[in-house]
Amino acid sequence: MSAARLPLRFLFLGCLLCSALAVAEPLPVGVMGDDNTFRRGFESALQESSGPWVLVSVDQAQALVAIGDAAFERALKTKLPVLGVYISRPLANRWQEAGCQCSAIWAGVSLDDQLAVIRTMMPLARKVGVVVSPNSAWREAELAVVPGSVTLKALPADTPAHLGDVLRDNLNELDAVLLPVDDQLLDAGAAKLVLLTSYRRRRPVFGPDLAFVNAGSVASAYASGADLVAATRQQLQHFAAAGRWLPSAFVHSPSLSVNEHVAGSFDLRYRDSYSLEQALGGKP
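Numbering (mature numbering (1 follows the signal peptide of the UniProt record, and there is no 0)), first residue to last: -24 to -1, 1 to 260.
Some hints could be false.
Mimicking DSS-like on lysine-lysine, the simulated pairs with C-alpha atoms at most 27 Å apart in a straight line are [claimed, not checked]:
id : residue 1 : residue 2
1  : Lys168    : Lys103
2  : Lys129    : Lys103
3  : Lys168    : Lys129
No lab work stands behind these hints, which were simulated from the structure alone. A quick note: this is a predicted structure, and the numbers were derived from the prediction, not measured.
When you get a sec, could you build the whole thing from the sequences and use the hints?
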């Protein structure tokens, strides 16, 4: 090679090196959601997180974050990559089976996380009834493969009235009842029905979320706003780097709420906060 060509070769290699080291442009992300107060708080928390994305208006976005089922389905009509946040698991599964470029942070928390709360607060519990329906966060098949000393019995129900009958038929043989996140089955009227029916038989109810604990459920792991932001941040970081979403899942480390009055009435071990934190991966 002639000496005259060496500078040109080095200049070309230098340009390639500069391109390789250049910082990629941040991913333009739009946020959709029907609850404006929650959406604004969510956007603010996400904006404060350092990451390879920038929040933009929906019409300028290259990827969308959609909060809630309705926003998720609207976002999918744009044909952009979509991350659903707090999405009904059956709904997310239907869209993914249809081939959408989407993923979801499912509504609720994993069955394992809720059972960890029960095992810690009721170490002598041996049979727990788990409510399931076509729209619930857990599938009936999952109940048969849960390891440990607790036996899970499926309590299938389609309507609040049907759920009342199922509870009355099964409560006497159960140590506790566990509720899933299911907006179609567990409305305000159903919450009152479940809690009154169970407590008349002296059977504690766990789950499904913070609202139920405030209403009289003993305790629940739940996905807080901060938990959802953390899971969204992880998904966006992966998408910006790999061009695809992580698989759909519940939040990894949920929050915990205990109704101390109700727990005390059942003499449950709610004061052992360290054990509860360890049961949920060290998160209070």
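Do the hints match the structure? See the list:
1. Restraint check: the Cα-Cα separation between Lys168 and Lys103 comes to about 23 Å, which is no more than 27 Å; the hinted pair holds.
2. As the CA atoms of Lys129 and Lys103 are separated by approximately 7 Å, the hinted pair is consistent with the 27 Å bound.
3. Using a Cα cut-off of 27 Å, the hinted pair Lys168 and Lys129 holds, with the two alpha carbons roughly 22 Å apart.
In summary, this structure violates none of the numbered hints.
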